[in-house]
Amino acid sequence: MVRKPSRVDAGTGENKERKGLWSPDEDERLFTQITLHGVSTWSSVAQLAGLRRSGKSCRLRWMNYLRPDLKKEPISKREEEIIVSLQQSLGNRWSTIAARMPGRTDNEIKNYWNSRIRKQLNAAAKAGRATSDSAEEPSAIAAGEKEESMDNADAAAAPPLPIPARFPVFACQLLVNGGGGDQSTTTTTEQQNSWSEDSEASVGDGNMIHDFLAFDELDYLAELLMDMPGVMDAWESELYSSNSMGSLN
DNA sequence: AAGACACGCAACCGCAAACAA
DNA sequence: ATTGTTTGCGGTTGCGTGTCT
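Counting from 1, position 189 in the first sequence corresponds to residue 250 in our numbering; the numbering is continuous, with no gaps.
Heads up, some of the hints might be wrong.
[To be verified] For lysine to aspartate or glutamate, the following EDC-like pairs were computed, each having C-alpha atoms within a straight-line distance of at most 20 Å: (1) Lys132 to Glu142; (2) Lys132 to Asp88; (3) Lys171 to Glu142; (4) Lys171 to Glu134; (5) Lys77 to Asp130; (6) Lys133 to Glu89; (7) Lys180 to Asp130; (8) Lys80 to Glu134; (9) Lys171 to Asp130; (10) Lys180 to Glu169; (11) Lys133 to Glu78; (12) Lys138 to Asp167; (13) Lys132 to Glu89; (14) Lys117 to Glu141; (15) Lys138 to Asp88; (16) Lys180 to Glu141; (17) Lys77 to Glu134; (18) Lys171 to Asp86; (19) Lys117 to Asp88; (20) Lys117 to Glu89; (21) Lys132 to Glu78; (22) Lys133 to Asp88; (23) Lys77 to Asp88; (24) Lys117 to Glu78; (25) Lys117 to Glu142.
[What the hints assert, rightly or not] Computed spacing ranges between beta-carbons, pair by pair: (26) Ser84 to Arg154: 24 to 34 Å; (27) Asp86 to Lys138: 12 to 22 Å; (28) Ser105 to Arg128: 34 to 44 Å; (29) Lys180 to Glu89: 28 to 38 Å; (30) Ser176 to Gln108: 14 to 24 Å.
By construction, these hints were calculated from the structure, which means they are not laboratory data. These numbers were taken from a predicted model, which means no experiment stands behind them. We put the beta carbon where it would ideally sit given N, CA and C, even for glycine.
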């Protein structure tokens, strides 16, 4: 979707800071400036590129649009699952979530989530009015509502471990891999990243499991697996290790 | 065909943390 | 230790486009 730069205040005053959509020329200036000279401070980037933009605006444009490593394709089903599960375990920490999803920006994920939530709420409003509190809600809607309540409570203040959508898959992996825990519990960055790609499924990985089980089946499995000895311990360390990765670039 | 509505996305705003002087 | 500046983040807004009526 290409939009004309037509937003309010396209920079009428000579010295006035420009706001609104970026023109192709501005993009080019910014891109050239950063690729050739890098970034010392963002305000200096704006100056050196001859842009009447705030450093803040330049940063945002670069991060969300110009960066060469950004994925241009729409968010895949697999990525959606990752977003949902990370959102459930981390809350609205979009930058942390984005850091685990190469090529995706916090803004993109946030937008995706917000529109998704809006959809779910609309759907829930339509379907749910008559049969409120129905036990057979689609898991996606349930997930959305769960997160809303989590938002209010704030993840840090909630002692019980969150059970995101990834848990059933994780638990299945644990079983398939022999329950040793070692390889399953040490979820590496590469592993996380591989979930975002539509890579080939190998025995015991999340893709394979999802090929055989629907979401509602996974939910059911989750309930059973939570009671199995050792599973929650493994999940806890999995959660811990993945949470602590958030600080990585 | 045209207006209304919904959706997706880009970008702004305000705040807080980090950093420098 | 204090103050000012910069950066990063999450929430929110508003525009353009697609779809529906």
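query: Hint by hint, which ones does this structure get wrong, listed from lowest number up?
result: 5, 7, 8, 11, 14, 15, 17, 18, 21, 25, 27, 28, 30
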